[in-house]
Amino acid sequence: MAFAYFPHTEDDVRQMLDRIGVGSLEDLYSDVPGDVIYREEYDLQDAMSEHEVRQYFEELAEQNTSLFCLCGLGAYDHYSPAVIPHIISRSEFLTAYTPYQPEVSQGTLRYIFEYQSMITELTGMDCTNASMYDGATAAAEAMMMAMASTKKKTRVLLSEGLLPQVVNVVKTYAKFNGVELGFIPCVDGATSYGAMLTEVAKGDVAGVLVPGINKYGIIEDFTGFADAVHAQKGLFMVYSDPSSLAVIKTPGDWGADVVCGDSQSLGIPLCYGGPYVGFLACKKDHVRKLPGRIVGATKDVDGKRAYVLTLQAREQHIRREKATSNICSNQSLMALYVTVYMSLMGPSGLRQVNELSYGGAHYLHDRLLETGLFEKAFDKPFLKEFTLKALVPAQQIQDALQMIGVFGAVEVEEGLVNFCVTEKVSKENIDAVVGYLNEMKS
Amino acid sequence: MKYYDKLIFDLSKAGRQGYSLPSRTWDATLADLPAGLTRSEAPALPQVSELDVVRHYTNLSQMNFGVDSGFYPLGSCTMKYNPKINEEIAAMPAFAGIHPLQPSETVQGVLRVYKELAHALSSITGMAEFTLNPFAGAHGELTGLMIIRQYHLSRGDVKRTRVIVPDSAHGTNPASAAVCGLEIVQVKSKENGLVDVEDLKPLLDDTIAGIMMTNPNTLGLFEKDIKEIAALVHECGGLLYYDGANMNPLIGMVRPGDMGFDVLHLNLHKSFSTPHGGGGPGAGPVGVAAHLVPYLPVPKVVEDEDGLLSVVDADGQACGQISGFMGNFGVLLRAYTYILMLGKQNVRMVGPLAVLGANYIKESLKDCYKLPIESVCKHEFVFDGLLDQSTGVTTLDIAKRLLDYGFHAPTIYFPLLFHQAIMIEPTETESKETLDGFIEIMRHIAAEAIADPESLKTAPHTTPVRRLDETTAARQPVLRFCDMQ
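Protein chains in written order, with our numbering: chain S, 1 to 442; chain G, 1001 to 1485.
The following block holds chain S by itself, in its conformation from the complex (with noise of 0.2 Å):
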C-alpha cells in the first residue's frame, strides 16, 4: 500500500477500521450492491515513479513541433515576466479553494478585488466579476445576460467579423438556452452599421454583439452604434482584446452596456488553448445580471479593511435554477496571473507591448506585400494582426512556412490568411521570414 500520496501504514488502517467497528475497508462498501463493485483490473499502466512520468512526457513532448508563432485568431504569444509563475505557484494562492472563509482568503479575495478594478480601468465598465471560463463561453454569458435584462425581446445579433470559435460556442448556448441569433456581415472587413440598423429597427433585439478588433484584425469603428441599439432598449456589447484597450478606444468610450473577452493576451502561455482567463464586465445598472463570483470591499468587527464575496443571491449555489449562470469554479488563478502581468506593465508597459507589435504588424504587412504572393485584403487600420490575401493556395504558404519552424498564413476565410506580430518578433525574424518566402516564389 505504500505510495507517496496515502499516508496510511497497515496499523493506521487497521486502527481506523477498528474505531468505526468494520473488519475490513471492502465493508466500507456493504451498502453499496455486490454486483456493482468493480474486481477486474483497471485498464492502465503499471505505477510510475517521478522520473519515469518525466521520461515519458518527455518522449510525448518529442511528437510536438515547436513552431515560431506568427499567428493571433484568439491566442496570443505575448511575452511572460518570470515573476509570473513564481507568484502563481505560491501554495497559498494554488492549493485554495474558492474564498468562502474570507478571515483566511484575504489573500484570493485581494488580488480579485485588483483584477476586477484593473478590468474595469481597461474596458471603461464599472463592474466585472472574478473571471470566466474563456472569452467564447463569455460571450455567451453576454448573449445570457442581454436576454434577462431586457423584456420581451428574443433576439441577440452577432457580428460575422466575430472570431469563428466565439460565434460557435455563442450559438451552442443560443441553440439550447432557446435564444433566436441574427448575424451582422461584414462589409469591406468590418461589421456593417447598415445591416446592423435593420436588423435592430425590428423591435426584437435583446443585445448586439460586436468586436473591437475583429477577426480580420480590424480595428472596428462604432459610430453610431450604441445610440441605435440603446434607441430600441437593447444591450451593446463589445468583444474586446484586453492588452490592446491600453492604447485603442475603450468599450466604454464607445457606449457599450457589456464587455467581454478571454484576457489571454495578457501574458498567458499558448498552453494548447487553455487555461485561459474570459472576462465579462458591465455598466452597473447590470450588475444584478452579471454572473459568477463578485469581490467587495467591507470592514471586518474591527474595522479593518477587508474583502469578501458579495451580490451572492445572484448565484447558483443561493438560487439554484433561477441563478443568473450555473457558473462555480472559473479561471481565479488565472486572474490572478494577468493582475500580476497588469501590475508589472502598468500603463506604460501595455502601451510599449502594442507600440512593438503594431510597429512589427505593420512592418511584415508591408514586407509580405513586396513578395508578390500577397495582395491587401482590406485598407483599414490594424492593431498587432491583419489578413492578407493570398495570390497562391493558402495551404501552400502555411506549409512553407511550417518547413523553416514558423507557424503563420493561417486560413481566415477561402483565400485569406492571418499574420500577427507581438513584441517578441524582431526585424531580422521578420527579414528571414520573407527572405524565405522569396526564395520560395523564384
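Note that these hints are calculated values from the structure, not bench results. C-beta atoms are modelled at their ideal positions from N, C-alpha and C, and glycine is treated no differently. Careful, some of the hints might be misleading.
[Said to hold, decoys possible] Simulated crosslink set (DSSO-like; lysine-lysine; CA at most 30 Å straight-line):
no.: 1; chain 1: S; residue 1: K304; chain 2: G; residue 2: K1013
no.: 2; chain 1: S; residue 1: K299; chain 2: G; residue 2: K1006
no.: 3; chain 1: G; residue 1: K1006; chain 2: S; residue 2: K304
[Unchecked claim] Computed footprint of chain S on chain G, listed as stretches where at least three residues anywhere in the stretch have a Cβ under 8 Å from a Cβ of chain S:
no.: 4; stretch: 1096–1108
no.: 5; stretch: 1175–1189
no.: 6; stretch: 1407–1414
no.: 7; stretch: 1465–1477
[As the list claims (entries may be wrong)] Derived contacts from chain G toward chain S, CB cut-off under 10 Å, selection only:
no.: 8; residue: L1007
no.: 9; residue: D1052
no.: 10; residue: V1067
no.: 11; residue: I1085
no.: 12; residue: V1113
no.: 13; residue: S1273
no.: 14; residue: D1313
no.: 15; residue: N1328
no.: 16; residue: I1339
no.: 17; residue: K1344
no.: 18; residue: V1350
no.: 19; residue: Y1360
We have chain S; now place chain G onto it with these hints.
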C-alpha cells in the same frame, strides 16, 4: 498569518516600472492610428517596481490558507494533496508554448495526452468515451445535459424538456439544467437521506429528458437503489446523468458506467489532484456511454488506422462547440500526471482510504455532534450542528473557531436538508495523526460551546481579519479601487 492592508494601487508612483521590453523601434507607430480609434487617456494601472510586485503578492499569499498550509476538510470539494510533479509537467515548454490552432501533425504529443487521458478516465469510470473540453464541473454538467438533449432531439423526441433533480443536489445541477433550457422537477429524499423511489415513479413520463444524480449523494450516502432507479428512468426513455463531484470514494471500487449512468462529468480539480487555484482553473471532462458518443462536442480528437491523431472541428451530430479551443489543457496534463503516478495498482486505494478517513472522523465525533443519519458514509458525511444546541452556538461559530486552531472550516449550511449542516470530507491524502488532531479540536470546541460559548460566537480571534460586515458589502457595493476614495 499576518495582516497586510495594501492594494497594489497603494504602492503606485508615477514613473516606476516593473517590466523590461525590447528597445527596438519600428517605422510605424501607434500615432499613425486615426485619433477616433485611440484611447483618450492611459489606463490608471499601478506603476510599481518588480520587487514591489513580488513583495505585495507574497504578502497577500500569506493571508491565504491552502491544502499545503493545513487540513482542509471542505465537504464536496475533495481537497486532496496536489502533487508538485503535476505543476512541473504542465509547465514544460514543449506543451506550454503550443498555439491551439497549430496543425495536427505538429501537436501529436498534445493530442496523445488527450487520447490517453480520455482512455484512462474511461477505464476508471466505465464510460465509452470522453470529451476533455469542459472547463469546470458546472461546465461539464451543462455539456452533459446538452448531449442528453441532443440525443433526444436527434430521435425526434422533442417533448423531453424536463429533468429530475434530487433536493440534496449541488446548486449547479438545477442551474445547469436551466441554462440548458430544461425545466427542473425536484424529487425528495427519504428520512434515510436517499432518493425516494416511490416518489420518483410518478414523475417518470415521456417529458423526462433524464435525472441528475450524485452518488454518493451530498450527504455522503450511497444511493443503494441506483440500479432500480436506472431501470425505471431508462424504461421511461430518460437518461441518467452522474454528477462526478463526489467521484473520489468510488475510484478503485465502483464505476458509474456499471451502475447504469449514461453521462457523467468529473472534476479533475477534485478527484484527480489538480489544484483549485482559489476557484479555478479546473477541468470537467464528460464521459458518455456508447450510444451517446456521436453527440460529444467538437473539437474532438480522432485517430486514423496509422495511429495519426487529428482534430475534428465540425460534426453534424455533435451537440456543438462549448469551449473556444479544447479546454484547460494545462489542467489535463496535471491530471494525467497524477493518473500515471497512481497506476493501476494505487488507483484501487484512492476511494477506500478516503472512505476510511471520513468514517473514522464520523465515529470519533458523533457523541458530540448530531449525526442525523446513522449509516456507513462514503468520502464525506454531514453533522447537523452540535449535539447540545442549548448554548445557541451555531455551525457558523464552530467553523470560525476552527480557523483559530489552524484548520480550514468544513462546508457549512449545505446540503439544505439540515439547518445546521457541517459537511466534512478528509480525503485519502491525510494521515491518521492529522485526523486525530482535527478530532481533538472538534471535541475541544464542543466543550468550549458549553464552558465558554462567547469565545465561539466572537470567533475567529487569531486570523488576519475577523468576521466581516457582509451586509454593507452587498448593500453598498464597492467593487473596484477607484470607488474606494
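If you check each hint against the structure, which ones fail?
-> Violated hints: none; all satisfied.
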